[in-house]
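Under full-length UniProt numbering, the first residue of the sequence shown carries the number 1, and numbering increases by one thereafter.
Treat the hints as calculated values from the structure; they're not laboratory data.
Note that the structure is predicted; figures quoted are calculated from it, not measured.
There's no promise every hint is true.
[As the list claims (entries may be wrong)] Straight-line alpha carbon distances no greater than 16 Å define the calculated EDC-like cross-link-like pairs of lysine to aspartate or glutamate that follow:
1. Lys251 <-> Glu211
2. Lys142 <-> Asp157
3. Lys142 <-> Glu227
4. Lys251 <-> Glu301
5. Lys161 <-> Glu102
6. Lys161 <-> Glu97
[As the list claims (entries may be wrong)] Simulated DEER-style distance windows between Cβ atoms:
7. Ser291 <-> Asn87: 39 to 45 Å
8. Ala93 <-> Asp54: 28 to 34 Å
9. Pro111 <-> Thr71: 21 to 27 Å
10. Met175 <-> Leu112: 28 to 34 Å
11. Pro84 <-> Arg48: 26 to 32 Å
12. Ala93 <-> Pro179: 26 to 32 Å
13. Asp170 <-> Pro42: 37 to 43 Å
14. Ser302 <-> Lys164: 38 to 44 Å
15. Pro300 <-> Pro30: 18 to 24 Å
16. Ser261 <-> Leu43: 33 to 39 Å
17. Thr298 <-> Glu145: 23 to 29 Å
In this text, a Cβ means the ideal position worked out from N, Cα and C, and glycines have one as well.
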Amino acid sequence: MSTDFLVPCQWCVSTRKCESAWTVATAKCPEVDRVAHAFNCPLSPPVRYGFLDDFARTRALPFIAASSADTDQQIRTCLENNVPNTNLLRRHAVSCEFVKTECVAILAFSPLDNAVVLTFRGTNGPVQVLIEAINIAIYAQKDFEPVGGKVVANFYDAFFKLWKAGLEVDLRQTMFQHPTAELWVFGHSLGGSIASLAAAWIARLGLIGTERIRFVSFGQPRTGNLEFAQTFDNLVPYKYRVVHKGDCVSKLPARIPITDSSLFHHRYEVWYNNNMLAGDAYEVCESADSSACSGSVTDPESLSSTNHLQYYNDLVLSPSSAKEMGMIDVYRCMPGEFSVCFDGYTSGLESFLVWVGVILALYCIFKNRPKDDQPRREEIPIVSIARTQQPRHVEMPAIPHSPVPSAPPPETPEPCAL
Numbered sequence: 001m002s003t004d005f006l007v008p009c010q011w012c013v014s015t016r017k018c019e020s021a022w023t024v025a026t027a028k029c030p031e032v033d034r035v036a037h038a039f040n041c042p043l044s045p046p047v048r049y050g051f052l053d054d055f056a057r058t059r060a061l062p063f064i065a066a067s068s069a070d071t072d073q074q075i076r077t078c079l080e081n082n083v084p085n086t087n088l089l090r091r092h093a094v095s096c097e098f099v100k101t102e103c104v105a106i107l108a109f110s111p112l113d114n115a116v117v118l119t120f121r122g123t124n125g126p127v128q129v130l131i132e133a134i135n136i137a138i139y140a141q142k143d144f145e146p147v148g149g150k151v152v153a154n155f156y157d158a159f160f161k162l163w164k165a166g167l168e169v170d171l172r173q174t175m176f177q178h179p180t181a182e183l184w185v186f187g188h189s190l191g192g193s194i195a196s197l198a199a200a201w202i203a204r205l206g207l208i209g210t211e212r213i214r215f216v217s218f219g220q221p222r223t224g225n226l227e228f229a230q231t232f233d234n235l236v237p238y239k240y241r242v243v244h245k246g247d248c249v250s251k252l253p254a255r256i257p258i259t260d261s262s263l264f265h266h267r268y269e270v271w272y273n274n275n276m277l278a279g280d281a282y283e284v285c286e287s288a289d290s291s292a293c294s295g296s297v298t299d300p301e302s303l304s305s306t307n308h309l310q311y312y313n314d315l316v317l318s319p320s321s322a323k324e325m326g327m328i329d330v331y332r333c334m335p336g337e338f339s340v341c342f343d344g345y346t347s348g349l350e351s352f353l354v355w356v357g358v359i360l361a362l363y364c365i366f367k368n369r370p371k372d373d374q375p376r377r378e379e380i381p382i383v384s385i386a387r388t389q390q391p392r393h394v395e396m397p398a399i400p401h402s403p404v405p406s407a408p409p410p411e412t413p414e415p416c417a418l
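With the hints as extra help, turn the sequences into a complete structure.
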């Protein structure tokens, strides 16, 4: 926010000047073009760190889907079907009371890509989505030092539970064994937020050169305040938040007028306003957190929880969660084989699950009583499917392997240029 002869004004992308409150009120500057903070000025990603649909589709997706599996064997099968010869090094799991389930991280190494891959599991099914959404809406914050800024306390606690439960030791050892490898950090939903904390933490500590870190999340909620978003952008050059249509979780917690404690997305949103089939269009959004791209979506169908659970035409669910939703034989973890995902998943069933989810979410949060006395559901074996295409190496932009640099200090972005 600035002033024009003592009258408050906002930068307008379409007119390329600071417009007065009168201009904004008369709709001469559309809402999607208004910039209330310098950090939100449109900024294209560097060419060397450009987004690749193929990388998100054939690399981020399989690891994110695998992280939702119920057993180590299911994880290995999923990865072998998509990224052959990948070694699952360790599955870390800790109790996350705020979503009434485990928070999970899987650590793997892909010889095909010379990449260490750290992936955080997201919420699993519509009930957990609702529990997560309610908890996010009533969030508290914690200082994220020495990275900088404040982040949602639940995400902070989940990350450090995993980090201190052996993840740090395993990651350091793996990076030592593969000194030239890249580090890919992935996550969906809750896992996307934890992944962003992990990427920033690893970069800030200098465990690997920041130019060798690649961060991709699906359906990530707002994770920290404006200072954290700025610091994250400075620390992690390759960073993309993929959003499917109006994914409701990516809009949480609601963005309010900028204060020191307001939550704010970091760059870069990649918006698919379609079914995310191979070849479908997408938009790399140049503002960090605006009413454009997925922020422009208001219709109920696009805001459905379905769009949060399905990315690149794949349900990122475990077999047991798929069974609960009435979708048998869907956890195939193989690109191009997901057309049966929604067989029998009617709008009536979705409405029923939403209401059940609301009741369970309120019960879990306000009564705070875990259902430990409930019998465990029988585990569903993973469906084996023959590969329909030969594995291929994903061509990535060349990135030099330089010595580990010291972490850059947070910087204030330049105001929108004339």
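So, going through the hints one by one against the coordinates:
Taking the CA atoms of Lys251 and Glu211, the gap is near 29 Å; set against the 16 Å cutoff, the hint is violated. A hinted pair counts as satisfied when its Cα atoms are at most 16 Å apart, and Lys142 with Asp157 qualifies at roughly 9 Å. In summary, the hint linking Lys142 to Glu227 is supported, as the alpha carbons are separated by about 13 Å, within the 16 Å threshold. With a C-alpha separation of about 15 Å, the suggested pairing of Lys251 with Glu301 holds against the 16 Å cut-off.
The suggested pairing of Lys161 with Glu102 holds, with an alpha-carbon distance near 11 Å, which does not exceed 16 Å. Distance restraint check for Lys161 and Glu97: the Cα-Cα separation of roughly 12 Å lies within the 16 Å cut-off, and the hinted pair is therefore satisfied. Checking the proposed 39 to 45 Å range against Ser291 and Asn87 shows it holds: the Cβ atoms sit about 43 Å from each other. The beta-carbon spacing between Ala93 and Asp54, approximately 31 Å, falls within the hinted interval of 28 to 34 Å.
Distance hint for Pro111 and Thr71: a CB-CB separation of about 23 Å, consistent with the stated range 21 to 27 Å. Distance hint for Met175 and Leu112: a CB-CB separation of about 18 Å, inconsistent with the stated range 28 to 34 Å. Evaluation of the 26 to 32 Å hint for Pro84 and Arg48 yields a pass: the beta carbon distance comes to about 28 Å. Taken as a hint, the range 26 to 32 Å holds for the pair Ala93 and Pro179, whose Cβ atoms sit roughly 28 Å apart.
For Asp170 paired with Pro42, a C-beta distance near 39 Å keeps the hint of 37 to 43 Å intact. Range check, Ser302 to Lys164: about 39 Å between beta-carbon atoms, so the 38 to 44 Å window is met. Between Pro300 and Pro30 the CB atoms are about 23 Å apart, so this pair conforms to the stated range of 18 to 24 Å. Our hint of 33 to 39 Å for Ser261 and Leu43 is violated, since their Cβ atoms are close to 24 Å apart.
For Thr298 and Glu145, the hinted distance range of 23 to 29 Å is not satisfied, since their beta carbons lie about 38 Å from each other.
In summary, the structure is inconsistent with hints 1, 10, 16 and 17 from the numbered list given earlier, while agreeing with the others.
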